[in-house]
Amino acid sequence: MTPLRRHRELQRLWGAPGGLRGSLTAVNHTRIGLRFIVTAFVFFAIGGLLAMLIRAQLAGSGTAFLDAELYGQVFTMHGTVMMFLFAIPLVEGFALYMLPKLLGSRDLAFPRLSAFGYWCYLFGGLILLAALAVGAAPDAGWFMYTPLSSKPWSPGINSDVWLLGVTFVEISAICAAVEFMTTVLKVRAAGMSLDRMPILGWYLWVTSAMMLFGFPPLILGSILLEVERAFGFPFFDSSRGGDPLLWQHLFWLFGHPEVYIIFLPAAGIVSTVLPVFAGRPLVGYAWVVASLVALGFLSFGLWVHHMFATGLPHLSLALFSAASMLVVIPTAVQIFAWLATLVGGRPRASLPMWYVYGFLFVFVAGGLTGVMVAAVPFDWQAHDTHFVVAHLHYVLIGGFVFPVLAGLYYWLPHATGARTNDALGRAAFWAIFAGVNLTFAPMHLTGLLGMPRRVFTYAPGLGWDEFNLVSSIGGFVLTIGFALVLIDLVVHVRHASKAPRDPWAAGSLEWAMPTPPTNYNFASLPVIERRNDPADARALGARLAAGHGLLAEPRHGWRETIGVRGTDGEPDQVILLPGPSWVPLVTALATGVVFLGLLFKVYAVSMAALAAVVACAWFWASENGLREDPRPVPLGDGRMAMPHPGVHSSPNWWGLVFTLLANGTLYASLVFGQVFLWVAAPGWPPPRLLPAEPMLPLATLAALVAAVACAARGRASNAVGSRAAAERWLAGAAFASLAATGGFVVTALCAPSPHEHAYGSTVVALGGYSALQSAIGSLYALYAWSRSRRGWVSAVRAAEPRATFAWTGYACASGTVSLVALWLPPWTSAP
Amino acid sequence: MTAPPRERRWSLASAAPLSAAALLGGQLVWSMAFVMLYGLHALACALVAGDSAWLRLALGAVWLAHVAVGIVLVEWLRRRARGAGDGTRRFVAQVAVTLAATGSFATAWTGLPLLLTRACEPPPRVEMGSAHGIARLAP
Numbered sequence: 001m002t003p004l005r006r007h008r009e010l011q012r013l014w015g016a017p018g019g020l021r022g023s024l025t026a027v028n029h030t031r032i033g034l035r036f037i038v039t040a041f042v043f044f045a046i047g048g049l050l051a052m053l054i055r056a057q058l059a060g061s062g063t064a065f066l067d068a069e070l071y072g073q074v075f076t077m078h079g080t081v082m083m084f085l086f087a088i089p090l091v092e093g094f095a096l097y098m099l100p101k102l103l104g105s106r107d108l109a110f111p112r113l114s115a116f117g118y119w120c121y122l123f124g125g126l127i128l129l130a131a132l133a134v135g136a137a138p139d140a141g142w143f144m145y146t147p148l149s150s151k152p153w154s155p156g157i158n159s160d161v162w163l164l165g166v167t168f169v170e171i172s173a174i175c176a177a178v179e180f181m182t183t184v185l186k187v188r189a190a191g192m193s194l195d196r197m198p199i200l201g202w203y204l205w206v207t208s209a210m211m212l213f214g215f216p217p218l219i220l221g222s223i224l225l226e227v228e229r230a231f232g233f234p235f236f237d238s239s240r241g242g243d244p245l246l247w248q249h250l251f252w253l254f255g256h257p258e259v260y261i262i263f264l265p266a267a268g269i270v271s272t273v274l275p276v277f278a279g280r281p282l283v284g285y286a287w288v289v290a291s292l293v294a295l296g297f298l299s300f301g302l303w304v305h306h307m308f309a310t311g312l313p314h315l316s317l318a319l320f321s322a323a324s325m326l327v328v329i330p331t332a333v334q335i336f337a338w339l340a341t342l343v344g345g346r347p348r349a350s351l352p353m354w355y356v357y358g359f360l361f362v363f364v365a366g367g368l369t370g371v372m373v374a375a376v377p378f379d380w381q382a383h384d385t386h387f388v389v390a391h392l393h394y395v396l397i398g399g400f401v402f403p404v405l406a407g408l409y410y411w412l413p414h415a416t417g418a419r420t421n422d423a424l425g426r427a428a429f430w431a432i433f434a435g436v437n438l439t440f441a442p443m444h445l446t447g448l449l450g451m452p453r454r455v456f457t458y459a460p461g462l463g464w465d466e467f468n469l470v471s472s473i474g475g476f477v478l479t480i481g482f483a484l485v486l487i488d489l490v491v492h493v494r495h496a497s498k499a500p501r502d503p504w505a506a507g508s509l510e511w512a513m514p515t516p517p518t519n520y521n522f523a524s525l526p527v528i529e530r531r532n533d534p535a536d537a538r539a540l541g542a543r544l545a546a547g548h549g550l551l552a553e554p555r556h557g558w559r560e561t562i563g564v565r566g567t568d569g570e571p572d573q574v575i576l577l578p579g580p581s582w583v584p585l586v587t588a589l590a591t592g593v594v595f596l597g598l599l600f601k602v603y604a605v606s607m608a609a610l611a612a613v614v615a616c617a618w619f620w621a622s623e624n625g626l627r628e629d630p631r632p633v634p635l636g637d638g639r640m641a642m643p644h645p646g647v648h649s650s651p652n653w654w655g656l657v658f659t660l661l662a663n664g665t666l667y668a669s670l671v672f673g674q675v676f677l678w679v680a681a682p683g684w685p686p687p688r689l690l691p692a693e694p695m696l697p698l699a700t701l702a703a704l705v706a707a708v709a710c711a712a713r714g715r716a717s718n719a720v721g722s723r724a725a726a727e728r729w730l731a732g733a734a735f736a737s738l739a740a741t742g743g744f745v746v747t748a749l750c751a752p753s754p755h756e757h758a759y760g761s762t763v764v765a766l767g768g769y770s771a772l773q774s775a776i777g778s779l780y781a782l783y784a785w786s787r788s789r790r791g792w793v794s795a796v797r798a799a800e801p802r803a804t805f806a807w808t809g810y811a812c813a814s815g816t817v818s819l820v821a822l823w824l825p826p827w828t829s830a831p
Numbered sequence: 001m002t003a004p005p006r007e008r009r010w011s012l013a014s015a016a017p018l019s020a021a022a023l024l025g026g027q028l029v030w031s032m033a034f035v036m037l038y039g040l041h042a043l044a045c046a047l048v049a050g051d052s053a054w055l056r057l058a059l060g061a062v063w064l065a066h067v068a069v070g071i072v073l074v075e076w077l078r079r080r081a082r083g084a085g086d087g088t089r090r091f092v093a094q095v096a097v098t099l100a101a102t103g104s105f106a107t108a109w110t111g112l113p114l115l116l117t118r119a120c121e122p123p124p125r126v127e128m129g130s131a132h133g134i135a136r137l138a139p
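In order, the protein sequence lines correspond to chains L and Z. Position one of the first sequence corresponds to residue 1 (my numbering), numbered consecutively onward. Position one of the second sequence corresponds to residue 1 (my numbering), numbered consecutively onward.
Bound conformation, chain L alone (with noise of 0.2 Å):
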């Protein structure tokens, strides 16, 4: 096959339809990427007019430009909008974008999840845009802090569009989690083993686990107080024993991990670019694995740092203090190894560049601040003032926006193919980096000199005017820099001339391919043999495209690509990859008239939308899979490999795994929910608790043991090939997670009134939750029973039966802490 015939069946293979059609159900991750990308940019602009209100506000003592009232919807919306739709969207694309084509591979392992997370975050954003323009957007706070958020104090919708519109959005961050996990340890070239993986991988990978571990607990809180708002379960309610404090411990164990997943993939784009410009690999790659590592763990024990002033003992705050100064390390190792690296290289001068430089100065100045910070005396000092401000615009600008334009300037020939002009880009850079310390360096002596967060206006003759006003200048010069780079952009795109392959001589496995890139990246896969590898891309490119790599033949019409064991990167499966779909996108539009219904308070709509949901999901799970039991396949080097549905260890199948553990981090955060009222709450113990009941919970343990010894022997029967047996035991496995389903329902019914007391209201929680996921158990056993019966399971095609085991098995474990956890307190406390 010539290179330019495999090229047109590939590309035909692996694209999409034209026109609308085309646009609507692409599942491409280069397509969905840039998307992504180009959408995060967009809020980054809304976010970035905001900042010139609040700025405009600020820039004089008593200014009359904003009331309050507006001014509240402004400063909230504004960091709403950078976190939740520019920030975490953009490192999401940037890893779409980027991930296949440094792992050396055609596509991630869930492309339709990729089209769907885009689709939620585009409809959530959009809702919570839409709540801005009709002036009803949120505005308690970026991080809409309790009682303020609840309804007695925000009576109107403004905090249910945060609550529901960032949960929305989210969705997308856990499936872009689970999606990245499973592809860094699966789908990569041949080869590729831990040691040789690109740094980059390692960072993504880093940051998409604590993705996964980070948003569960704000989805978990998102949801009681929309639940507290519209029902009056009153979680945070301190008269009817909540606790505020309890948000606040929920969002901050998020919210302070979320700093490092924004921090981290930029991180990656300097330990990527800076190499590449200083003539030498980056020095440390094991000490910087180990460190990423170590941050994305310390990362988690940080969170009570933000909670310095609520009154915790000295000994708690001494605790996360410590951690605190602790993570400075790993940071550190990092920030030598790129000096170290410039030091030991010949760094040569390039736009890319001069943001890494740029970064290096702001977000060390902004760590410097934060070692000030965590020292619990000076936090007090500082809490709630322009400082922190200061610091955290220190940290994240120079922590993030800097490495990303960067990357920005770097990555752009790829995905344009053009060359870059540094004439405006430099001019650009310089507004910016002036713009950045001009607007945020005076605003740690307006904090320091009391002025508070979030006014939005102040009384003159506090010496506080002068800094406001250069604050103000600053932001308007960051912005000229802003809207320079985007003139550049424009110039670029329209513009530009072509560029070589890998102008930059990066040498790194994302040049070896056509740029702008092709539907399919590789025409054939490498077969990586040391890290760093190509050091000469256009070579390679050239030589993948001739077909001298593995899976150079398409056929069968299927889209493919290597699976690889996880740490030496033997190729163990070839993984087929669904093509466009309609169903990402229908089932986001699903999930959105759900999300709308429940804001609007039609709950009848949400319920339809919801069953349309779970129809979908159905579906989606049913466009897969084989008719036969496939038979091992040649690779193209004399290698066999069996395709996915026959292998135990597929990415679905690890999707499962971390989709579980994301899951059962939001269960515990709802544990620790209940225990955190229980111990530190007013009003407890509760006046009345759940009745000493034995045979409940005693029936519900036996339905969830059933469930999961039938859906065991289920999966048992179905190793063996006896079929109908595995489909009676499946059957079997339905009806019992059914039951267990209504032994949860009965124990929230039984409940004492959930609005009298949030005992109550954690019960209905608790029970809640273990009903639901024993609801899902039933269905997975429904569609494994299904989908026996159709004929698309066999011994070697047993993803069904092994999958529902896994989840009845975690429907059990959760369901026992869960009956321990409600029933333990009334067989205590019976006389």
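By construction, these hints were calculated from the structure, which means they are not laboratory data. Treat the hints loosely; a few may be bogus.
Ranges between beta-carbon positions, derived for each pair [as the list claims (entries may be wrong)]:
#1 Z:Val72 to L:Ala375: 26 to 36 Å
#2 L:Arg426 to Z:Arg78: 47 to 57 Å
#3 L:Trp153 to Z:Ser52: 33 to 43 Å
#4 Z:Ser52 to L:Met372: 29 to 39 Å
#5 L:Trp827 to Z:Ser52: 23 to 33 Å
#6 L:Leu339 to Z:Glu75: 30 to 40 Å
Just so you have them, the derived chain L footprint on chain Z, three or more residues with Cβ under 8 Å [to be verified]:
#7 37-47
#8 96-102
C-beta: ideal position from N, C-alpha, C; glycine also.
Let chain L serve as the given structure and place chain Z on it in line with the hints.
Okay, now just chain Z, sitting in the frame of chain L:
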């Protein structure tokens, strides 16, 4: 029709002698120490009013036990790393030892406040918004 040969479940195991648990072990020890110290402390201070020497002793014991486990883990991993050969195994072994060592250090560092403060003492009351808006400790 037969089932496919059973594969190794978690492929880090294929980089024997180190497993995933070994790779992340040091950090898991730190996480466990952190959760135990923070959780036990919060529970004890809420349920048992006032400071007690026993509480500090118990927290100290939890802390030192985790430090000890961390040190044992470092030593065990170091020995196994010697036989790890080259390439991927050596890399995984090196990273595991580094993570275990940093995890042990983190465990030791995080617990140091136990030596410095009383267990359940509430923080002083802070007044915000004085003349210059600077927080002051209430007398």
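Consistency of the hints with the structure:
1. Hint check: Val72 (chain Z) to Ala375 (chain L), Cβ distance near 33 Å, so the stated range 26 to 36 Å holds.
2. Separation of Arg426 (chain L) from Arg78 (chain Z) is about 49 Å and conforms to the stated range, judged on CB atoms against 47 to 57 Å.
3. Between Trp153 (chain L) and Ser52 (chain Z) the C-beta distance comes to about 39 Å, which sits within the given range of 33 to 43 Å.
4. In this structure the hint that Ser52 (chain Z) and Met372 (chain L) lie 29 to 39 Å apart at CB holds, the actual value being about 34 Å.
5. Our hint of 23 to 33 Å for Trp827 (chain L) and Ser52 (chain Z) holds, since their Cβ atoms are close to 29 Å apart.
6. In this structure the supplied range 30 to 40 Å holds for Leu339 (chain L) paired with Glu75 (chain Z), their Cβ-Cβ distance being about 32 Å.
7. Interface restraint, the segment 37-47 of chain Z with chain L: holds (8 residues with C-beta to C-beta distance below 8 Å; minimum three).
8. Remark: the segment 96-102 of chain Z is confirmed as covered by chain L, as 3 of its residues place a Cβ nearer than 8 Å to a Cβ of that chain, reaching the required three.
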